[in-house]
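Enquirer: Here are the chains, one letter per residue:
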Amino acid sequence: MSIIVITILALCAIGVTAAIILYFVAQKFKVYEDPRIDEVEEVLPAANCGGCGYPGCRGFAEALVKADDISKMNCPVGGATVMSQVASILGHEISAAEPTVAVVRCNGTCENRPKTNQYDGAASCTIAATLYSGETGCQYGCLGLGECVEACNFDAMYMDKETGLPVIIEDKCVSCGACVKACPNNIIELRNKGPKSRRIFVSCVNKDKGAVAKKACDVACIGCGKCVKECPFGAITLENNLAYIDYTKCKLCRKCVVVCPTHAIHELNFPPRKEKPADKPSAEAKAEEAPKAKPTANDETTENK
Amino acid sequence: MNSKVLVAPSPHVHGGDSIQKNMYGVVFAMLPALVFSFVYFGMGAIIVTLTAVASCYLFEFLISKYLLKKVPTLNDGSALITGILLAFNVPANLPIWIILIGALVAIGIGKMTFGGLGNNVFNPALVGRVFLLISFPVQMTSWPKPLGFNTAYLDAETGATPLAIIKEGLKKGEPLSQLMHDIPSNMDLFMGNMGGSMGEIAGVALLLGLLYMLFKKIISWHIPLTILGTVAIFSGILHMANPEAYAGPLFHILTGGLLLGAIFMATDYVTSPMSHKGMIIYGIGIGLLTVIIRVFGAYPEGVSFAILIMNAFVPLINVYVKPKRFGEKRK
Amino acid sequence: MLKTFSLGGIHPAGNKLSASSAIQVLPIPEIVSIPISQHIGAPATPVVKKNDEVKVGQLIAKSSGFVSANIHSSVSGTVFKVDDIMDSSGFRRTAIIIKVDGDEWLETIDRSETLVTEISASKEEIIAKIAEAGIVGLGGATFPAHVKLSVPPGKTAEVLIINAVECEPYLTSDHRVMLEKGDEVLVGTQILMKALGVNKAIIGIENNKPDAIAHLTKLAVNYQGIEICPLKTQYPQGGEKQLISATIKREIPSGALPIEVGAVVQNVGSAFAVYEAVQKNKPLFERIATITGKSLKNPSNWRFRIGTPVKDLIDAAGGLPEDTGKIIGGGPMMGKALTTVEVPLTKGSSGLLLLPREEALRKESKPCIRCGKCVSACPMGLEPFLLMVLADKKEYERLENNAVMDCMECGSCSFTCPANRPLLDYIRMGKGKVGQIMRSRK
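Going line by line, the protein sequences match chains F, V and G. In terms of this note's numbering, the first sequence opens at residue 1 and continues consecutively. In terms of this note's numbering, the second sequence opens at residue 1001 and continues consecutively. In terms of this note's numbering, the third sequence opens at residue 2001 and continues consecutively.
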């Protein structure tokens, strides 16, 4: 009996002593930390994607608390909602950043851009890009080895087996920019999400002269400049045989889409186009158009969603 | 030309070496020892080997298919090696159910928990062996006498190994010179005419395997030779200090699992260091630990433990022991 | 025991199919495309424009920096255009395209075959002539030759080493040059010795070319200070650091140049080009290359004009075999796979190898079994298995600490790997990234 009592007492004594030591040690080595860091971190999505440019959410929280002005800092994953919560914790003015989304600027599918050779090296876009110009005649476009998909932490991308191109799932994309960094050919761009997710962009990055680009890929931008002339807002610039639409200036009028001879300019999530804009749309015409227009719209959404 | 031209970074040719070639090369090198074990222990050896190999394959297949959910790769030959090595490390009269447990531990815990071939820290066969040694000490240390095909499988006449005879005798305080009379001659030890685990007895067969592997460049000389050298030197020093208490180097090399361990177990690719410098450190470590365990430890035999202990140091060796660099700036 | 380098090395099958085929002259094509970047360093600046008439040997693009090289027309005719074309680098780059008309050489070039042994030019004149002739390292690395000959202040050259190792399997052009142009090579070597101010030269030849060793040893008696050094056949003996280690047993410190140990290395083909430039006033507009492959009808050696399409060379050797899977500019270990047969041959084209598809197709990569064979094979004493993992995980700092920049991309690791892992692919990528980081730090 006595052995049990002694054991219990001894254990209690050890426990109490250890507790006292721990208490004093904790007091002695306490590090002061702004409690708001924890609060801010709580609000952040804990994805640790690094899309904000800081090492993980904790790092971003520390930077946010330290910063005097957080209007330029943005959590691409949480977007405006999270940033407004952060602002209210820190007592800043709410700064609303325009939501952006990743866009693949290449439409060089197996059909549009025939392969001229077969890559047989390690399955990495960076390795292929340093080796040579790629499996097709276009040395600017997608290499199709999926390094962007590997970089995506949100399952927002996959490689389409039919086209050989990456596809961005718009609902899942948090615009962290990991894929943009991963792509050695700089095909992926973060663009304004646009009202109702409507966007217009040049789906090509080929800087070759028109003839060379066209020979390599049916839907390449040939740098003809028609869109530049057509654009009423001066949103399109032409540089190195390649058109670029500035999304801050673009008013989504879709005039450029029509004039592009190679269909390199893509429109996303727009309602089907009326065949003759001058005519008054009748119910019959609409019914006729819908099945015609739908496939193209679908094509584009699957490619670039 | 029918298909598109291939493009890849250099080099454009490959030496033709493959995992299979190396693995089956090791298996081929183990054949002499296998034949010797059949000759000495008869049916028991055959049953034990077949059970060990079949169960290793089975467990590897089941675990990779149903637990890891990947396509099982059985044709790389690594399960075959683990199976044969496990059989080599147990007595020829071990009951089938114990072998099954050994194979499960070897493949399941020793190999697949780490992610399969290439990722394990410890030699799978040794993990199985040591598990059995600790769990079933009686069965694992009653070695049948090598009577050829007259050896019965389960209720064979058993005897102690030379190492156990020495260990027991020294404990009782008998002088070594007296004990040596109970030990077979060096020639018998070399030819494998003694008690012991299935594959460890025939030194001559194991050495043949070593020569084959060196010739085929499957392994380099660094690991086996440093282990044997270290054991020889260390036990030699002890023997010279007190010949009545410590056995000589030749005895240590020819008895127990030292040759088997040094040639086939310590040289396992996955669990040994990558650079030659590292291999030498690893070999010296195994040699020292083996003699320490044999001479000063509780077990008569220490090779398995020595290898497993040094396996644990391999990642550390790989990080801190770098190969000699060309044009290295000398301090 | 024959000499060889100290660490690592592999023994790929020699496959010197074209060793006994004498050098032939490839017909001049109708049109040549001469890239303005055929060397390491800055691309040359074109000095001709569309519709200009050019003669053989005329300067068409001027060296645009210290590490750069002149480029000369290899044909006579009219400049058709200056445009971007696909070249052997795998990218579209600028080239001068010339329509051929006759074969009219500049009058200054001595076209006679007579051997000129008397070296009348002074040290400075030699270097200037070599620079003017646009000579680059003809072993494949294409480093401008005059840069190597300009010994930096504070350093002295003690010995000239001529790289006649030709350790790449299949290639035989250097071998043929030694057999057929032995005297020219030796005079070229003497010119290089004079340019460097050294009185000793070593020609390193692997012992798989016993006829070349015997031939040059016999001829070398007439030339002062030239020693023929037979070497044990082992890849990559043609690497500068390995060759110096093999011939004079000196190790170049990590990150340093051969001049650090008093050595300058030049290729045997470059020695021949130097002879022609200095003694015959002939710029580098043609060179000798091997076309080979197991399925090819006539594996052979050819002297061709720079800018000739690869296709012409293939046709001359019996046409593209049915089973061709890969067309490699250079040897199988360090050569570059070409995307089409339209690309032009350049100063760096030491050979053309047609590999059957079966042989060229890579086998499936398996998990690393940590056998350490890559570590044993690495001639630089690196740990390829580790570098590959670090490059894949983007651990650039650890890559740098593990001496990734010492890698010379010889491919011995990928060649030996029993698991068929693409070790060098990843290491090369990591090396590129670490190089960028190191440059940005400066």
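Honestly, the hints are just simulated from the structure, not real lab data. Hints may be right or wrong, so weigh each one.
[To be verified] Below are the EDC-like pairs computed for lysine to aspartate or glutamate, each with C-alpha atoms no more than 20 Å apart in a straight line:
hint	chain 1	residue 1	chain 2	residue 2
1	G	2366	V	1244
2	V	1322	G	2183
3	F	209	G	2183
4	V	1322	G	2400
5	G	2062	G	2030
6	G	2363	F	120
7	G	2394	F	98
8	G	2081	G	2113
9	V	1004	F	120
10	F	181	G	2183
11	G	2363	V	1017
12	V	1004	G	2030
13	F	115	G	2180
14	G	2393	F	111
15	G	2200	G	2183
Enquirer: Please flag the earlier hints that this structure goes against, numbers listed from lowest up.
Expert: 1, 2, 3, 5, 7, 8, 10, 12, 13 and 14
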